[in-house]
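Sequence order for the protein chains is Y and S. When the first sequence is numbered by my numbering, its final residue is 198 and no position is left out of the sequence of numbers. When the second sequence is numbered by my numbering, its final residue is 198 and no position is left out of the sequence of numbers.
Any given hint could be a false lead.
Identical chains blur together in the list; that is why a pair holds if it fits in one copy or across any two.
[What the hints assert, rightly or not] Subject to a maximum C-alpha distance of 27 Å in a straight line, what follows is the list of computed DSSO-like cross-link-like pairs (lysine-lysine): (1) Lys179 - Lys108; (2) Lys108 - Lys167; (3) Lys196 - Lys108; (4) Lys128 - Lys105; (5) Lys105 - Lys179; (6) Lys108 - Lys135; (7) Lys150 - Lys135; (8) Lys108 - Lys128.
Quick caveat, the hints were computed from the structure, so don't treat them as lab data.
There are 2 protein chains.
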Amino acid sequence: METPNPCMYCANDTRVTDLMIRIGELSVSVLYLFKEQTYKGRCVVVFNKGHKRELFELTEEDRNAFIGDVSKVASAVSKAFSPQKINYGAYGDKMPHVHFHIVPKYESAPKWGSTFDMMPETKILLSQTDYDDIIREIKKYL
Amino acid sequence: METPNPCMYCANDTRVTDLMIRIGELSVSVLYLFKEQTYKGRCVVVFNKGHKRELFELTEEDRNAFIGDVSKVASAVSKAFSPQKINYGAYGDKMPHVHFHIVPKYESAPKWGSTFDMMPETKILLSQTDYDDIIREIKKYL
């Protein structure tokens, strides 16, 4: 038996699909909708030109393209759902593969004025139809 | 009496200097050392070509330069202190001015494997000499 790739983003297996729904490809990344939707429109942008741990391991060209993708997604989510602010977070201590969480923040929603919860205790999970509606809205502005 | 600028980064007043020590200027940003040093080498990179709230409000040129600055700082902190991972966070719900927290994470330090605390309850504040030593180390690699 093959040992699974320790990086879930490179393997693109159920460790990813349990958490996220693939929306599509951008210039140097894959865009996912995060299933937990406490922050309506929350997405993840994953670099997909190989396994890189840190921003500074990317070539200048890829780094610029990647932040272009991140920026484009933040703008689309902003237009789609009118949050008061977008938060951007890249952590990955134990799953180091360059990716950004794009988290729309709302004055009326949890953690306004603070950071965001990676995985809130009270999870908001939606029906496939509701996920599809959110994805359709985001895609309008990509 | 003049009303103070609501943005502390634009005003560059004690709201900033209480929290951070200015290290110097990069291409389109100012680099600060965060005084709270639970995460040794933690810095903040603040966009300084005007007041912009979101990454997608920057021109492509400025956005590329800004992420270049962020990347350069992350690389310098990594070389200076050998953390196991760098975290990157931009929030600013109530202080919306484009800036990134560059937070080195260590297996032996708090919140390894998770996000980072914006302001840990147990604060690690250092002497000016110790801050100077950290700044000198970072500058070596900038």
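Evaluated hints:
For the identical chains of this complex, lysine 179 and lysine 108 are neighbours neither inside a copy (30 Å) nor across copies (32 Å), given an alpha-carbon limit of 27 Å. Taking the closest pair of Cα atoms, lysine 108 and lysine 167 come within 27 Å of each other only across two copies (22 Å); inside a single copy the shortest separation is 30 Å, beyond that limit. In this assembly of identical chains, the alpha carbons of lysine 196 and lysine 108 lie at most 27 Å apart only when taken from different copies (24 Å versus 30 Å within one copy). In this homomeric assembly, lysine 128 and lysine 105 come within 27 Å of each other (Cα to Cα) both inside a single copy, at 18 Å, and across copies, at 20 Å.
Taking the closest pair of Cα atoms, lysine 105 and lysine 179 never come within 27 Å of each other, the shortest separation being 32 Å inside a single copy and 39 Å across copies. Taking identical chains as interchangeable, the C-alpha atoms of lysine 108 and lysine 135 lie at most 27 Å apart only when they sit on different chains, with a minimum of 17 Å there against 30 Å within one chain. Taking the shortest alpha-carbon separations for lysine 150 and lysine 135, only the inter-copy value of 20 Å comes in at or below 27 Å, while the best intra-copy value is 33 Å. With identical chains, the CA atoms of lysine 108 and lysine 128 are at most 27 Å apart both within one copy (21 Å) and between copies (16 Å).
In summary, the numbered hints that this structure violates are 1 and 5.
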